[in-house]
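Asker: Single-letter residue listing:
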Amino acid sequence: MKEYQTITEVSGPLVYVETDEPIGYDEIVEIETPDGEVKRGQVLESSQGFVAIQVFEGTEGIGQDASVRFLGETLKMPVTEDLLGRVLDGSGNPIDGGPDIVPDERLDIVGEAINPHAREYPEEFIQTGVSAIDGMNTLVRGQKLPIFSGSGLPHSDLALQIARQASVPEEEEAEGEDSEFAVVFGAMGITAEEANEFMEDFERTGALERSVVFMNLADDPAVERTVTPRMALTTAEYLAFEKDYHVLVILTDMTNYCEALREIGAAREEVPGRRGYPGYMYTDLAQLYERAGRIEGREGSVTQIPILTMPGDDDTHPIPDLTGYITEGQIMMNRDLNSQGVTPPVNVLPSLSRLMDDGIGEGLTRDDHGDVSDQLYAAYAEGEELRDLVNIVGREALSERDNRYLDFADRFEEEFVDQGFRTSRSIDETLDLGWELLSMFPKAELNRVDEDLIEEYYVEDAASEEEAAAAD
Amino acid sequence: MSQAEAITDTGEIESVSGPVVTATDLDAQMNDVVYVGDEGLMGEVIEIEGDITTIQVYEETSGIGPGEPVENTGEPLTVDLGPGMLDSIYDGVQRPLDVLEDEMGAFLDRGVDAPGIDLEKEWEFEPAVEEGDEVEAGDVVGSVDETVSIEHKVLVPPNSEGGEVVSVESGSFTVEETVVELDTGEEIQMHQEWPVRRQRPTVEKQTPTEPLVSGQRILDGLFPLAKGGTAAIPGPFGSGKTVTQQSLAKFADADIVVYIGCGERGNEMTEVIEDFPELPDPQTGNPLMARTCLIANTSNMPVAARESCIYTGITIGEYYRDMGYDVALMADSTSRWAEAMREISSRLEEMPGEEGYPAYLAARLSQFYERAGYFENQNGSEGSISVIGAVSPPGGDFSEPVTQNTLRIVKTFWALDSDLAERRHFPAINWDESYSLYKDQLDPYFEENVVDDWSEQRQWAVDILDEEAELEEIVQLVGKDALPEDQQLTLEVARYIREAWLQQNALHDVDRYCPPEKTYAILSGIKSFHDEAFEALDAGVPVDEITAIDAAPRLNRLGTTPDDEYEEEVEEIEQQISEQLRELY
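As given, the protein sequences belong to chains A and B, one line each in that order.
The numbers in the numbering used here rise by one with no breaks, and the one at position 397 of the first sequence is 397.
The numbers in the numbering used here rise by one with no breaks, and the one at position 345 of the second sequence is 345.
Rather than coming from a laboratory, the hints here were simulated on the basis of the structure.
One or more hints might be untrue.
Using C-beta positions, here's what the derived DEER-type ranges look like [what the hints assert, rightly or not]: (1) A:266 - B:419: 33 to 41 Å; (2) B:30 - A:20: 46 to 54 Å; (3) B:285 - A:420: 46 to 54 Å; (4) A:422 - B:433: 40 to 48 Å.
Just a sample of chain A residues kept apart from chain B, beta carbon distances all over 12 Å, derived [as the list claims (entries may be wrong)]: (5) 103; (6) 196; (7) 243.
Quick reminder that beta carbons are idealized off the backbone N, C-alpha and C, glycines included.
Please construct the entire structure, taking both the sequences and the accompanying hints into account.
Answerer: Structure follows, in structure tokens:
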């Protein structure tokens with residue numbers, strides 16, 4: 001290994017070095033400052049005679065007298081089952097004061113794409129206990145389902161609630177064979193306070209024992225954030241596909257990750273894409289999000305719940321937009337619902353789970369699940385639309401039918417969505433609640449539900465109760 | 001790719017930046033396929049400047065460094081054409097994914113090459129020519145049963161000079177063995193190669209007059225696509241692009257389907273791989289996979305291969321067209337393809353056009369869509385390629401360059417709408433914004449083969465929907481009850497058109513495929529409700545009473561009524577509506 005003292009330029013997170021031997025693209029570099037501090041970086045561009053290096057831990061202290069060592073390999077994550085219960089920094093070094101990690105294997109963090117032919121289509125229902133998700137936007141094992149949130153909304157509480165309550169009902173019944181469940185938590189640029197909230201919850205619920213935590217906090221170097229999720233996902237893949245765990249990966253906050261990408265792009269003077277984010281951001285994000293799923297013949301699975309805060313609550317901003325094109329749906333948090341005190345403040349209308357249809361129904365959840373959710377959607381959408389109208393013409397100007405839809409929309413938010421962060425509802429409870437609400441309508445209005453199912457589940461007296469209440 | 005080609009020249013890597021590698025001392029021509037680095041990663045020459053050759057690499061370049069060798073094959077990027085392409089799944093450079101899985105496990109490693117078609121497998125060759133016959137380029141010399149659905153025709157290569165047949169074989173052969181020999185010394189095998197970026201020759205392009213029947217009511221009924229036509233489906237995420245594309249791949253009455261998953265989700269491709277072998281083709285009843293070729297370059301697979309997968313797909317499509325088949329090609333999504341071009345272009349530091357896309361974006365898009373059409377082939381047969389491209393506009397904004405440049409070329413536009421999707425109105429195709437320029441040239445077909453007032457009834461539905469759109473604006477201001485009664489009734493009729501006719505459940509066993517006859521029948525049911533209801537209104541019946549009859553909501557269930565029952569059901573509903581309304585006056 002050769003050492004160079006030939007730095008020609010330092011600019012933002014980038015360092016340019018002259019070399020006299022070929023250096024591999026993506027190779028790992030150590031830079032030692034005159035003070036003896038060692039920083040790590042990665043080769044971003046390699047040409048005959050010179051390389052551009054992106055430094056993870058910030059470039060302060062690096063001058064032309066710093067020495068550069070090329071390690072001759074790409075960035076690796078040391079993995080072992082013993083990582084469970086450990087807290088690491090954003091580059092994978094332990095920060096919990098525990099023993100050193102003795103790795104079983106050292107895996108390339110870039111990861112390789114799963115051959116679509118080797119994938120197994122995800123269709124195992126995960127019960128999160130949250131009605132707005134289970135009933136309306138069902139999560140399945142191996143899915144990537146992000147939470148689209150905004151600053152100041154309780155997305156962390158929802159993520160924690162899911163991590164705490166997630167279960168697969170069938171397996172619980174089967175007992176014993178319970179394949180193990182693990183959480184990999186990747187924090188990118190979140191504040192120490194937020195991080196504490198997560199850690200406290202993990203510790204209180206005992207979840208830490210089956211978790212691996214990667215912490216890149218708000219005051220840690222931004223560039224390190226581009227590495228953190230890859231470390232986390234490499235660990236998750238190892239646990240899932242080598243050690244048969246069902247891994248839930250929570251990544252927060254993807255917005256900070258994208259900001260870091262933009263920072264590097266700008267420092268390299270790349271041609272920017274929309275709003276200054278690099279043109280390859282879609283590909284880059286896909287390389288993270290696509291690392292979820294199931295593989296034929298392997299026990300484990302990787303399920304991803306990335307969290308992102310939409311700048312200005314704007315879902316057309318490049319970060320949520322590109323994410324939505326890659327992930328299999330999204331859970332949308334809503335500011336109005338939050339200020340109304342609905343917890344979790346999930347707006348089901350723009351939320352979506354693309355894998356839902358294959359994970360629900362007879363034998364998986366319940367035969368009426370698909371129809372109930374369709375009908376709830378349609379009815380809530382109609383009620384929501386009428387609310388705009390009510391503001392103009394008032395309730396009296398609306399027909400009885402319209403008024404019923406308005407009442408439904410209110411009850412849907414108050415009873416179905418608003419359940420609190422501490423309540424866990426089984427899928428049966430969720431669907432029965434759905435029927436209770438749907439039974440506000442006459443049977444003929446329920447045109448999305450199969451007639452046989454109406455006969456089976458319709459709550460006969462609900463409509464009349466409602467009318468009686470209205471008459472009072 | 002069969003890469004037994006000789007290496008014509010060797011150079012050396014000069015620099016590496018993501019998928020773009022430059023090499024020196026390499027004698028190469030534009031679009032030559034090269035092998036990069038010690039691991040032999042496949043790449044393609046995309047720029048030559050002085051001694052420096054720029055290469056886009058189809059595989060991950062981590063760890064590759066300057067000084068490593070670059071080998072030129074001297075050949076452009078080609079695909080292997082021959083029996084065995086159907087019922088296959090390829091990556092963007094036609095490497096079979098099942099073979100790759102056998103060779104390198106569940107994750108895609110690099111530097112592994114595999115031929116696009118199985119070179120070992122023997123096929124039963126049935127000759128169609130005899131010794132002494134004169135054959136020309138494109139002529140059929142024999143056939144093999146490729147799958148239960150498709151007879152694969154063995155063609156004289158399109159650039160052959162032709163000649164007299166001097167020997168013909170019959171029996172089992174591999175694709176590389178000679179089956180026909182010409183007096184010019186040319187040997188014809190079942191296997192051909194063709195450069196992906198070049199259109200395969202035809203005699204002429206004709207005006208399409210037959211619809212590609214999709215089994216989707218809103219498409220066949222309002223915005224039909226022709227066999228040999230082009231269509232774009234733009235829409236924001238979650239609006240149902242992929243579901244619509246998949247419905248077309250399943251139910252369109254094409255002979256061959258080429259489905260390209262370009263830069264999209266891995267699980268989606270897996271779904272297709274798992275579903276298609278089990279689903280029956282509505283035309284033949286055979287498994288859908290027997291007529292399908294899948295190309296999967298998921299979003300996390302190398303970006304340069306994403307750029308090429310579109311060409312790989314359409315070249316395979318053209319080959320089946322040459323046999324006289326109707327091919328439908330779905331590209332999901334062309335935006336990802338455009339983004340791949342943008343990414344490569346920015347690595348080349350080319351001067352960007354709009355939103356960072358290269359200035360040649362429009363030209364590439366039109367070149368691609370122009371390869372669609374209804375053709376007279378070299379051998380005199382007629383075949384077609386219909387191209388349906390999904391577009392994923394950022395933020396759902398149709399004014400962005402990929403959507404706009406696509407719209408200038410395609411003749412059918414199916415605009416997906418997030419509002420409809422949020423209301424779970426699927427397919428979420430917006431009937432105000434969408435259009436089909438094939439409508440008029442396809443009407444004669446529908447009128448001859450389905451029913452003679454096809455176009456009039458369609459116009460009636462369009463008029464009602466237009467009126468609804470106008471009335472909705474007033475309703476937003478004053479509420480529905482403030483409208484005159486006849487307008488309230490129109491809104492009610494429009495609601496049935498939307499709910500009973502335009503909406504279609506892609507997941508329902510019956511509703512997912514609706515033959516044109518049924519499409520027509522459901523709409524006539526709604527129309528007779530309209531006619532009867534307005535008669536009742538004229539006779540002085542209040543609109544509330546008209547809309548309260550319980551026969552009309554039965555229209556909403558027609559979509560799920562089985563194909564052999566719906567005619568009776570429509571008649572029954574019409575009769576019931578008529579009876580119930582007449583009781584009111």
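Asker: Each of the hints needs a verdict: does it hold here or not?
Answerer: Do the hints match the structure? See the list:
no.: 1; hint: A:266 - B:419: 33 to 41 Å; verdict: holds, 36 Å
no.: 2; hint: B:30 - A:20: 46 to 54 Å; verdict: violated, 33 Å
no.: 3; hint: B:285 - A:420: 46 to 54 Å; verdict: holds, 53 Å
no.: 4; hint: A:422 - B:433: 40 to 48 Å; verdict: holds, 46 Å
no.: 5; hint: 103; verdict: holds, 19 Å
no.: 6; hint: 196; verdict: holds, 33 Å
no.: 7; hint: 243; verdict: holds, 15 Å
Going through the hint list in order, the structure does not satisfy hint 2, though it satisfies all others.
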